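Asker: Produce the complete structure using the sequences and hints provided.
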Amino acid sequence: MAANGRPPGRAAGVHLHRLPSGPPTILPSAEVLPVPVEPTPIHVSLVVPAYNEMARIEASLAAILDFFAHQPYTTEVILADDGSTDGTAETARAMLAGHPTARVLTIPHGGKARAVRQGMTEARGELIAFSDIDLATPLHYLDDLRASVLGGCHIAIASREGIGARRLDEPGYRHVMGRVFNLLVRIVVLPGIDDTQCGFKMFERQTARAILAASRLYASADERVVGPRVTAFDVELLFVAKHLGYRVCPIPVIWTAGEKSKVNPVSDTVNNIKDVLRIRLNAWRGLYR
Numbered sequence: 001m002a003a004n005g006r007p008p009g010r011a012a013g014v015h016l017h018r019l020p021s022g023p024p025t026i027l028p029s030a031e032v033l034p035v036p037v038e039p040t041p042i043h044v045s046l047v048v049p050a051y052n053e054m055a056r057i058e059a060s061l062a063a064i065l066d067f068f069a070h071q072p073y074t075t076e077v078i079l080a081d082d083g084s085t086d087g088t089a090e091t092a093r094a095m096l097a098g099h100p101t102a103r104v105l106t107i108p109h110g111g112k113a114r115a116v117r118q119g120m121t122e123a124r125g126e127l128i129a130f131s132d133i134d135l136a137t138p139l140h141y142l143d144d145l146r147a148s149v150l151g152g153c154h155i156a157i158a159s160r161e162g163i164g165a166r167r168l169d170e171p172g173y174r175h176v177m178g179r180v181f182n183l184l185v186r187i188v189v190l191p192g193i194d195d196t197q198c199g200f201k202m203f204e205r206q207t208a209r210a211i212l213a214a215s216r217l218y219a220s221a222d223e224r225v226v227g228p229r230v231t232a233f234d235v236e237l238l239f240v241a242k243h244l245g246y247r248v249c250p251i252p253v254i255w256t257a258g259e260k261s262k263v264n265p266v267s268d269t270v271n272n273i274k275d276v277l278r279i280r281l282n283a284w285r286g287l288y289r
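Residue numbering for the sequence shown follows this note's numbering, starting at 1 and increasing by one per position.
Calculated directly from the structure, the hints in this document are not laboratory data.
This one's a predicted model, so the numbers in the text were calculated from it and none came from an experiment.
Incorrect hints may have been included.
Unchecked claim - Straight-line alpha carbon distances no greater than 20 Å define the calculated SDA-like cross-link-like pairs of lysine to any residue that follow:
| # | residue 1 | residue 2 |
| --- | --- | --- |
| 1 | Lys242 | Gln206 |
| 2 | Lys262 | Met54 |
| 3 | Lys262 | Glu58 |
| 4 | Lys262 | Glu170 |
| 5 | Lys274 | Gly227 |
| 6 | Lys262 | His70 |
| 7 | Lys262 | Thr85 |
| 8 | Lys242 | Arg289 |
| 9 | Lys242 | Tyr173 |
| 10 | Lys274 | Arg224 |
| 11 | Lys242 | Gly286 |
| 12 | Lys262 | Met177 |
| 13 | Lys262 | Arg179 |
| 14 | Lys242 | Leu281 |
| 15 | Lys242 | Leu212 |
| 16 | Lys242 | Lys262 |
| 17 | Lys242 | Met177 |
| 18 | Lys262 | Gly227 |
| 19 | Lys262 | Asn52 |
| 20 | Lys274 | Ser220 |
| 21 | Lys274 | Pro191 |
| 22 | Lys274 | Ile254 |
| 23 | Lys262 | Val226 |
| 24 | Lys242 | Ser267 |
| 25 | Lys274 | Gln206 |
| 26 | Lys262 | Ala94 |
| 27 | Lys274 | Glu259 |
| 28 | Lys262 | Tyr173 |
| 29 | Lys262 | Gly172 |
| 30 | Lys262 | Thr121 |
| 31 | Lys242 | Ala210 |
| 32 | Lys262 | Gly83 |
| 33 | Lys262 | Ala59 |
| 34 | Lys242 | Tyr288 |
| 35 | Lys262 | Leu168 |
| 36 | Lys274 | Gly286 |
| 37 | Lys242 | Leu277 |
| 38 | Lys262 | Thr40 |
| 39 | Lys262 | Gln197 |
Answerer: Structure below.
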């Protein structure tokens, strides 16, 4: 006891309290929360639009899955079903069930342009490509498109014109109508692009986002296309790309006309001409920004 009557070490005004005797209190352990796992980055996304394609959906998807299984990069497959009524979506969903980076995107029927647009919007790849379901342009050309984009192009497009390009099994009348349409496209909106309609194209992701945000054709839910009609959606994508200053690189391909093509050369060409005139009118109005 210190001279001041306090135990040694106890400061003035400090009172000690004894802890109650008994077994030690065991505090509950803190809950361990799982660490969120970031999804694996996707390098190439492939969007494949489809409308009532039961006749070839299985063969085409099998070919796509097999091709991607042999690539050294990560991939994503999006089957953009345009409101099919023949079981296309159900068959595709069953085929893709065991593939975590492949899925079916079901869209109310509104036309191929709407399906491609929605698929590209939801794609997660650093590079986003789209291909027709008939695989008229062989899948191995994805390697050439990819090399072109990685080499500095913002967009790489398959072209059925130019040195090294060939068209196989295409009816003569369809070829003539296609070339007349392309002549109009070059005069009115896109000089220098010899083939806008080949359904095989690849974009940098940010480039694709910017182009889709600025484009106008078939962007509204009120503008629907009934049936498998072809549109000039591709023409607008490339026009907007050029307008925004992006570099477009054509890649010559060997293309085979599909045996069960749904293209109607006469009516589709007439409708496409109307679309091209709309693009020119939209440009004059300053709508592409």
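Asker: Compare the structure with each hint and give your call.
Answerer: To see whether the hints hold, each was checked on the structure:
Distance hint between Lys242 and Gln206 is fulfilled; the C-alpha atoms sit about 15 Å from each other, no more than 20 Å. Distance hint between Lys262 and Met54 is fulfilled; the C-alpha atoms sit about 13 Å from each other, no more than 20 Å. At roughly 18 Å between alpha-carbon atoms, Lys262 and Glu58 fall within 20 Å of each other, so this suggested pair holds. Using a Cα cut-off of 20 Å, the hinted pair Lys262 and Glu170 holds, with the two alpha carbons roughly 13 Å apart.
Between the alpha carbons of Lys274 and Gly227 the distance comes to roughly 18 Å, so the proposed pair stays at or under 20 Å and holds. Annotation: proposed proximity of Lys262 to His70 is violated, straight-line Cα distance about 31 Å (limit 20 Å). Note on Lys262 and Thr85: the hinted pairing holds, with a Cα-Cα distance of about 16 Å set against a maximum of 20 Å. A hinted pair counts as satisfied when its Cα atoms are at most 20 Å apart, and Lys242 with Arg289 qualifies at roughly 12 Å.
Distance check on the hinted pair: Lys242 and Tyr173 sit about 30 Å apart at the alpha-carbon level, beyond 20 Å; violated. For the suggested pair Lys274 and Arg224, the alpha carbons sit about 15 Å apart, so the restraint of at most 20 Å is met. Taken as a hint, the Lys242 and Gly286 pair is honoured in the structure, with Cα atoms around 14 Å apart against an allowance of 20 Å. Our distance criterion of 20 Å between C-alpha atoms is met by Lys262 and Met177, whose separation comes to about 15 Å.
As the CA atoms of Lys262 and Arg179 are separated by approximately 19 Å, the hinted pair is consistent with the 20 Å bound. Distance restraint check for Lys242 and Leu281: the Cα-Cα separation of roughly 16 Å lies within the 20 Å cut-off, and the hinted pair is therefore satisfied. Proposed proximity of Lys242 and Leu212 is supported: the alpha carbons are some 13 Å apart, at most 20 Å. For the hint pairing Lys242 with Lys262, the CA-to-CA distance comes to about 29 Å; that exceeds 20 Å, so the pair is violated.
This hinted pair does not check out: Lys242 and Met177 have alpha carbons roughly 25 Å apart, beyond 20 Å. Distance restraint check for Lys262 and Gly227: the Cα-Cα separation of roughly 9 Å lies within the 20 Å cut-off, and the hinted pair is therefore satisfied. With a CA separation close to 11 Å, the supplied pair Lys262 and Asn52 stays within the 20 Å bound. Taking the CA atoms of Lys274 and Ser220, the gap is near 17 Å; set against the 20 Å cutoff, the hint holds.
Distance check on the hinted pair: Lys274 and Pro191 sit about 18 Å apart at the alpha-carbon level, within 20 Å; holds. As the CA atoms of Lys274 and Ile254 are separated by approximately 29 Å, the hinted pair breaks the 20 Å bound. Distance hint between Lys262 and Val226 is fulfilled; the C-alpha atoms sit about 13 Å from each other, no more than 20 Å. Distance hint between Lys242 and Ser267 is unfulfilled; the C-alpha atoms sit about 28 Å from each other, more than 20 Å.
Using a Cα cut-off of 20 Å, the hinted pair Lys274 and Gln206 is violated, with the two alpha carbons roughly 29 Å apart. Distance check on the hinted pair: Lys262 and Ala94 sit about 25 Å apart at the alpha-carbon level, beyond 20 Å; violated. With a CA separation close to 27 Å, the supplied pair Lys274 and Glu259 exceeds the 20 Å bound. With a C-alpha separation of about 15 Å, the suggested pairing of Lys262 with Tyr173 holds against the 20 Å cut-off.
For the given pair, Lys262 sits about 16 Å from Gly172 by alpha-carbon distance, which is consistent with the 20 Å threshold. Between Lys262 and Thr121, the direct Cα distance comes to roughly 25 Å. Violation of the 20 Å bound is thereby established for this hinted pair. Between Lys242 and Ala210 the CA atoms are separated by roughly 12 Å; this keeps the pair inside 20 Å, and the hint holds. Proposed proximity of Lys262 and Gly83 is supported: the alpha carbons are some 16 Å apart, at most 20 Å.
Restraint check for Lys262 and Ala59: the C-alpha separation of about 18 Å stays at or below 20 Å, so the hint holds. For the hint pairing Lys242 with Tyr288, the CA-to-CA distance comes to about 11 Å; that is within 20 Å, so the pair holds. With a C-alpha separation of about 17 Å, the suggested pair Lys262 and Leu168 falls inside the 20 Å cut-off, and the hint holds. Proximity of Lys274 to Gly286 is assessed by CA-CA distance (about 19 Å); at most 20 Å being required, the pair is judged to hold.
At roughly 17 Å between alpha-carbon atoms, Lys242 and Leu277 fall within 20 Å of each other, so this suggested pair holds. Of the pairs offered as hints, the one joining Lys262 and Thr40 is violated, with about 37 Å between alpha carbons and a cut-off of 20 Å exceeded. Proximity of Lys262 to Gln197 is assessed by CA-CA distance (about 14 Å); at most 20 Å being required, the pair is judged to hold.
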